[in-house]
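With the hints as constraints, model all of the structure from the sequences given.
In the order they appear, the protein sequences are chains F, Z and U.
Quick note: the first sequence uses my numbering, first residue 36, plus one each step.
Quick note: the second sequence uses my numbering, first residue 976, plus one each step.
Quick note: the third sequence uses my numbering, first residue 25, plus one each step.
No lab work stands behind these hints, which were simulated from the structure alone.
Here a beta-carbon is modelled for each residue, glycine too, at the ideal position from N, C-alpha and C.
Mixed in with the good hints there might be a few duds.
[To be verified] Capping the alpha-carbon separation at 27 Å, the derived lysine-lysine pairs in DSS-like fashion look like this: (1) U:K379 / U:K459; (2) F:K38 / Z:K1007; (3) Z:K1088 / F:K38.
[What the hints assert, rightly or not] Residues from chain F shown here face chain U by an in silico Cβ test under 8 Å; the list is partial: (4) V68; (5) N92; (6) Y93; (7) V104; (8) I110; (9) T195; (10) V204; (11) V206; (12) Y213.
[Said to hold, decoys possible] To give an idea of the interface, some chain F residues facing chain U are shown, with a C-beta separation under 8 Å as derived from the structure: (13) F96; (14) T103; (15) A114; (16) Y117; (17) G180; (18) N188; (19) F217.
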Amino acid sequence: MRKVISFILIVIIAVGAFSSLREIPFGATKSRVREYYLDNGIKQTGATNIVTSVVVNYRGFDTLGEVTVLFLASIGLSAVLYRKKEERRKKRRESSLILYTGCRFLFPLILLFGSYIFIHGHLTPGGGFQGGAIIASGFLLTMLGCWGWEGINRNRFKITESLSGLAFVVVGLLGLLYGGYFLFNYLPKGIPNQLFSAGIIPLVYIAIGFKVGSEIAGIINDMVRSG
Amino acid sequence: MEFIENYLYYIASFGLILIGLYIMLVKDNLIKIIIGLSIIDTGVNILIISMGYLKKGTAPIFSRESLLPSRMVDPVPQALVLTAIVIGVAILALALTLAIVLYRHYGTLNVRKIRDLKW
Amino acid sequence: MVNPVLLIIIPLTGAFAIPLFGFISKYISKYISLISTLVMAVIVGSLIPKVINNPIIVMIGGFKPPFGINLVVSPLSLFFVGVISLLGFLVSIYAIKYIDDGDIDKYHLLFLLFITGATGVVLTGDIFNLFVFFEILCISSYALVAYNRDKDGVEAGIKYLIQGSVGSAFILIGIALLYGLCGSLNMADIASQIHSVNSPLLSLSLFLFLTGFGIEAAIFPLNGWLPDAHSSAPSTISAVLSGFAIEIGLYAVLRIVCTVFGATDILHFLAGLGIFTLLIGEISAFKQDDIKRLLAYSSIGQIGLILFAFSLGSPEGVAGGLFHILSHALSKGLLFLAAGYMIYKAGSREIGKMKGLGTRMPVTSFCFLIGVFSLVGLPPFIGFPGKFIIIKSALSTNQGYFFVLVGAALLGTVIEISYFFKLLQNIFSKTGEDKVDEAPLSALIPIIIMALIILAVGVYPEIVSRFLHLASANFMDRMGYINNILGAL
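Set out below in structure tokens:
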């Protein structure tokens, strides 16, 4: 009975939505802000990747909020999974030599690749969040493949998270001091297409990369250890 | 079927949202409901991205000096989707954690049976 | 002049710094949240004289409005931030002794981020930024409701999470449609273009926003999560959830409906919905045995009344709604905080087990009495001017529809008086046990302060009413909002 009612409801919503979606033509945009960002992006921010300059500079406040949301998830998770005494996990059998060596070999390469993505965020597609997710997948690989290794100390993740978050806020506050606006781009913009260009954008993305990587790795670590 | 060809992205994204909504309304297992939530999030992200597309446009990156800004797609929806994906991941992580703790207390993941708080 | 961005940055920095201090000692986090909320309250006090003539507009990153995010500090926003920081400060004092189980610094971290999210929602002037801060508010409340990790809390938490995240998905679809139609994400910019776009997608977008924000605002069909969540959370969290979280959801609804869309024709529908919510809340509270569930249903009722006040469409009505938000935050906060220790001493949440608490906990019960009288709307307390202004402005619209709704509101108040009377009768009945077993000092201080404020503002409502009339005039002035922001170009 519930299935029938839900199905009818969904069909009604579908008909209503599809019949009115003709209004927005696909492939032609009506955006006023698009030309401004594309024309003035390089001059005002120095980054050749316009999406990065929108994310970090023009809408940097949203990025601060997003970093906070991920931090919230990690903290809320460990608060809800808290147990008074760390219960001993059952001793699993150790993984085979090939698996162990393979994972140990791949792990630094994955970290290197992730770091490349967030350091070059202002030049190539990518950025802090994508690089951080790749770093966390490196940690996931070791947790899945290298049983017998105790894993990274949880405290180190916590310190990295807090310090990188504070680094982002401090960069913004320095902008407030130097330029009068929070998150003002006060470092020299340099020549476009070079690694050391675009003002505060590489700094912010490096902080975000570390933060996201350690947070997601911490989330996975908590979930694996809790059950 | 020019209608479908032109509006394929809109149809696909709304289709995903409605499938996700149906799963959340009908299924009994908590993990399936959470998967339905994740499908809704995916559909919404595709909808946002497709609002910024320009026909035969290219990525908004000036990797060579000679690229024309007028041929590039809109960068703003891509920034919005970055944020939306991260928020979706955070909600998913919290939901799965609550499912873990709920399983510890009740021993089952069937939402019909987890009804201790009465009217 | 202090830059208003600090209102958001200070609790955020405190939250990021708590894990570092946690390595020194777990108890420092309590004082960090105390200090942050106190500093926020001081900054709000210093900004009040500056916004009386013109709202302050802060541009983040130095980019002008449609191309960058801007914060709008108007008297209405300062009113909300004042309520948030005051209630947050008092609840943090209470939490010094009350929260002693689980990971304490994580509680204070989540609490500071909750305050950040709430402040961000009222200060921002950009739709997507509103969504991001609203998500911070919601996710921290999902985690805080489940903080005690007991059966009730986790079940309430997951129900709240599932419903809340469907709401967030709807808000995102609404934002996508608005961006596709109008091409910008700034509230003033969209408001200035919206009359030139006519398409059925606008009404779809409005409906999605109403549903999405309405889940957090607990408007009628969307409030299934509220009784469970507010009753199973720790008492400090119930106090702030009922105190300002649902009101901020309502603020978001009204900001979208009145300022961005300018849709004054649905206000009649919203008024009816508000009164219906009021009746449902009060009638359901009547049958409750559990004290926190009773207070939670009463919150649903009061939100219905506030929605009715705002949808009258006149500055007088909006001022009455704001007054009622202040009185509800103080009274309901007081009731939940007092109930926290009453439940602890009585050992259970059932009303029947609370007999004789009037003699065992005299100060707490007396303040509880003050809270009840003020919530119901009796004269020397703060609830009275609020309800009086609402009823007076409803009657002065001279439309029969509103007269009927006012009658229903009065009926709701009568039901409210009757179930609170039953509750008070239980608490103040004599059983002969004379041992005084009062709540600790850290819990009594905020309760007494709240009772004093309720008495003070109730006797002299002029302290706040001038500011509230200014705030409501500012809120109703849509063209002034648009010109202030876009004219800064």
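Status of each hint after checking the structure:
1. With a CA separation close to 14 Å, the supplied pair K379 (chain U) and K459 (chain U) stays within the 27 Å bound.
2. Note on K38 (chain F) and K1007 (chain Z): the hinted pairing holds, with a Cα-Cα distance of about 15 Å set against a maximum of 27 Å.
3. Proximity of K1088 (chain Z) to K38 (chain F) is assessed by CA-CA distance (about 18 Å); at most 27 Å being required, the pair is judged to hold.
4. Taken as an interface hint, V68 (chain F) checks out: its beta carbon lies about 6 Å from the nearest beta carbon of chain U, inside 8 Å.
5. Look at N92 (chain F): its Cβ gets to within about 6 Å of chain U, closer than 8 Å, so that hint holds up.
6. At its closest, the beta carbon of Y93 (chain F) sits 5 Å from a beta carbon of chain U; the interface hint therefore holds under the 8 Å criterion.
7. Interface hint at V104 (chain F): satisfied, since its Cβ lies 6 Å from the closest Cβ of chain U, which is below the 8 Å cut-off.
8. Hint status for I110 (chain F) relative to chain U: holds, with the closest Cβ pair at about 6 Å, below 8 Å.
9. The restraint placing T195 (chain F) at the interface with chain U is violated, with a minimum CB-CB distance near 10 Å, outside the 8 Å limit.
10. Residue-level restraint check for V204 (chain F) holds (minimum Cβ-Cβ distance to chain U is 5 Å; threshold 8 Å).
11. Proximity of V206 (chain F) to chain U is violated relative to the hint, the smallest CB-CB distance being about 12 Å (cut-off 8 Å).
12. Interface hint at Y213 (chain F): violated, since its Cβ lies 11 Å from the closest Cβ of chain U, which is beyond the 8 Å cut-off.
13. Nearest Cβ of chain U to the Cβ of F96 (chain F): about 5 Å, under the 8 Å cut. The hint holds.
14. Against a cut-off of 8 Å between C-beta atoms, the interface hint on T103 (chain F) holds, since the closest Cβ of chain U lies about 6 Å away.
15. The beta carbon of A114 (chain F) comes within 4 Å of a beta carbon in chain U, closer than 8 Å, and the hint placing it at the interface holds.
16. Below 8 Å, beta-carbon pairs count as interface contacts, and Y117 (chain F) has one with chain U at about 5 Å; its hint therefore holds.
17. Here the hint on G180 (chain F) is broken, as its CB sits about 29 Å from the closest CB of chain U, past 8 Å.
18. Interface hint status for N188 (chain F): violated, as the beta-carbon distance to the closest one in chain U is roughly 12 Å, over 8 Å.
19. Hint on F217 (chain F) holds. Least Cβ distance to chain U is approximately 5 Å, under the 8 Å limit.
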